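Trainee: For reference, the chains in residue letters:
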Amino acid sequence: MTGGGAAGVSRRSVLAGMTGLAGLGVGAAAGVGIGRSDRREPEAALASQTVDFYGTHQAGIVTPPQAHANFVGLDLVDPRDPATLAGILRLWSQDGARLVQGVPGLADPEPELAPNPSRLTVTVGLGPGAFDAAPLRAKRPGWLGPLPSFAIDRLQDRWGQTDLIVHVGSDDPLTLAHATRILTAEVRTLVKTRWVQRGFRTARGTQPDSQTQRNLFGQIDGTVQPAADRYDELIWDDGADQPWLAGGTSMVVRRIAMHMDTWEALDRGGREFALGRRLGNGAPLTGTEEHDEPDFTATKNTFPVIPETSHIARAHRRADHEQFLRRSYNYDEPPEPPVDGMPADSSNIGLVFVTYQRDPVKQFVPVQQRLSDLDHLNEWTTPIGSAVYAMLPGAEPDRPLGYSLFH
Amino acid sequence: MTTIELRKSDHVAQRRTLRLPLVLIAAFAVLLGVAACGSNDDDSSGSRTDSSSQADALTVSDAWVKAVAEPGMTGAFGTVTNNSDKDVRIVSGSSDLAGSVELHEVVDGQMQQIEGGFTVPAKGTLTLAPGGNHIMLMGLTEPIGAGNDVAIVLTCADGSTIEFEGQARDFAGAQEDYAP
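The listed protein sequences derive, respectively, from chains A and B. For the first sequence, position 118 matches number 118 in the numbering used here, and the numbering has no gaps at all. So the number in the numbering used here is just where the residue sits in the second sequence, counting from 1, plus 407.
Bear in mind the hints are in silico, worked out from the structure with no lab data behind them. Bear in mind that the values here come from a model prediction, so they are computed numbers and not experimental data. One thing to keep in mind: the hints can contain errors.
Derived contacts from chain A toward chain B, CB cut-off under 8 Å, selection only [stated by the list, open to error]:
{"hint": "1", "residue": "T84"}
{"hint": "2", "residue": "G87"}
{"hint": "3", "residue": "M260"}
{"hint": "4", "residue": "L279"}
{"hint": "5", "residue": "A283"}
{"hint": "6", "residue": "I312"}
{"hint": "7", "residue": "V365"}
Each pair of labels, with its calculated beta carbon distance range [unchecked claim]:
{"hint": "8", "chain 1": "B", "residue 1": "S507", "chain 2": "A", "residue 2": "D332", "range": "52 to 58 Å"}
{"hint": "9", "chain 1": "A", "residue 1": "P109", "chain 2": "B", "residue 2": "T532", "range": "16 to 22 Å"}
{"hint": "10", "chain 1": "A", "residue 1": "G239", "chain 2": "B", "residue 2": "T532", "range": "40 to 46 Å"}
{"hint": "11", "chain 1": "B", "residue 1": "A476", "chain 2": "A", "residue 2": "T193", "range": "17 to 23 Å"}
{"hint": "12", "chain 1": "A", "residue 1": "P115", "chain 2": "B", "residue 2": "G531", "range": "21 to 27 Å"}
{"hint": "13", "chain 1": "B", "residue 1": "D515", "chain 2": "A", "residue 2": "P243", "range": "56 to 62 Å"}
{"hint": "14", "chain 1": "A", "residue 1": "D229", "chain 2": "B", "residue 2": "G531", "range": "22 to 28 Å"}
Partial selection, computed: residues in chain A whose CB lies under 8 Å from chain B [what the hints assert, rightly or not]:
{"hint": "15", "residue": "L106"}
{"hint": "16", "residue": "A107"}
{"hint": "17", "residue": "V187"}
{"hint": "18", "residue": "T189"}
{"hint": "19", "residue": "L190"}
The C-beta atom is built at its ideal place from N, Cα and C for all residues, glycine as well.
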């Protein structure tokens, strides 16, 4: 992305004839082409697409989501030493900038795994523990702490808050694994990886970037998003509370188990009532297209067309500021033995639910509280992990990640 | 390591003095990818008759050091570029963190001091990498933790010097046997 803007796709990718930021439809057309005439060229174009590492904001936030993501939660071995944190952020800046260009890490033992960035992004955030060092205590954003306890939560420590998060995204899972390994290996004595939440979406090229993805309940998931011209107000921090954070944002990562066995027992009508949208195209039950504004006042035989208990009726913002960017990923892991407080399920499927907003307490929590109080979907979903991070402002070649925090 | 263009991502830092605090982590200074300096360009005599020094022709990029948990020895790596049209020979090195600095080659899996030092070919590069030519920091007085900056000075055949810094990182390789 050229300087200052949100992370987009570089000129290289535009020249390759693929989609730009929020591209419309071109990707789909290219996807058709892959199967018909030229098998190699479109794939090479996808592999060589890059997203700039540098900019006012970190890439990987308003960047159109890549097909695969690793969310890596790490704890500092010595959280009292701010120099260690600064050193980690410099190493990640140095290798992040290289890897996203398809250049091997500086000490990369496997350079052959680097040359297909496939829109690789590396995005770094700090949890509350990163501010435990005395010089940093006063720099912790006011909202950076555990979310309130919600009645629906069955949180497991193993998906809990960590000192750091590295979110690596790419359309190529091999590139993703390599980049994740390089970034974690080079600081292995300084941090301990507590969890890795691996997420996926539909493969690149199977649908336009602008098309909303589906979760594994089959729902179109993530329809409601802030308008791009309001990112500066709703997503990016303006430095009013913590000047060093200007250009950064907050990230909420919640792991939400989805109970497939009971969901699949519902008939299609029941599933649509629970959500408030049609499964086919995501249109609200009062509309015909995905992005039609839901009409929560519409009734049929005196009953609301969109049930008041439905997910979208509860999630719909009650105030203008209750908006945030949704950038979730599906997960599908090997089944595990039942956990207390959770229905047994033959699957281990769910959502790495990710949101970005300037202030999670003000923008996100009211919505989450409403959903916790009442949401028909809660019958088939359980939050099992929750963490909040201060996402650093973007880096520049001479200003590594965290520069404003330490200067 | 491959030589690659980093589109300004490597910050150029000019060092005019040879004495620096060696561990600059708290300074969180800059991303040091390239450093270049000559030893004599601050010379106040004003009578620079000959062309610039050998070190003036060199730049060091992509420098890094293997972090070590124990005092002892470790390796430093990077790419040295010679921008002049004459070969430049690097004959020795030093670092405040190390009792001595040696210039090594690896022959049949054994590393040894390279006789006569490294030659950086005219308009060419010298790659310093694990398993190949590298700089060895011997007699470390303390561990070098990942994230720390290490300053190293290289001396050319004409006595001119170039200083650069490499950031230490955890790295499993560079385990070559040492055959003194």
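Trainee: Looking only at beta-carbon atoms, does the pair P115/A, G531/B fall within the given range of 21 to 27 Å?
Mentor: 24 Å, holds
Trainee: Tell me if the beta carbons of A476/B and T193/A are separated by a distance inside 17 to 23 Å.
Mentor: Check passed, 19 Å falls within 17 to 23 Å.
Trainee: Using the beta carbons of P109/A and T532/B, state whether their distance is inside 16 to 22 Å or not.
Mentor: 21 Å, holds
Trainee: May I ask you to test the hint 56 to 62 Å on the CB atoms belonging to D515/B and P243/A?
Mentor: 57 Å, holds
Trainee: Let's test the interface hint: is any C-beta of chain B closer than 8 Å to that of T84/A?
Mentor: 6 Å, holds
Trainee: Between S507/B and D332/A, does the beta-carbon spacing fit 52 to 58 Å?
Mentor: Between S507/B and D332/A, where Cβ atoms are some 56 Å apart, the hint holds.
Trainee: Measuring from beta carbon to beta carbon, are D229/A and G531/B in 22 to 28 Å?
Mentor: 51 Å, violated
Trainee: Min Cβ distance, I312/A to chain B: is it shorter than 8 Å?
Mentor: 44 Å, violated
Trainee: Tell me if M260/A is really an interface residue toward chain B, meaning its C-beta lies closer than 8 Å to one of theirs.
Mentor: Cβ of M260/A sits 40 Å from chain B, so the hint is violated.
Trainee: Min Cβ distance, L106/A to chain B: is it shorter than 8 Å?
Mentor: Holds. Min distance 5 Å.
Trainee: Mind checking the hinted window 40 to 46 Å against the Cβ distance between G239/A and T532/B?
Mentor: Distance hint for G239/A, T532/B holds at roughly 42 Å.
Trainee: Holds or violated: G87/A as interface residue toward chain B, Cβ cutoff 8 Å?
Mentor: 2 Å, holds
The structure is inconsistent with the numbered hints 3, 4, 5, 6, 7, 14, although it conforms to all the rest.
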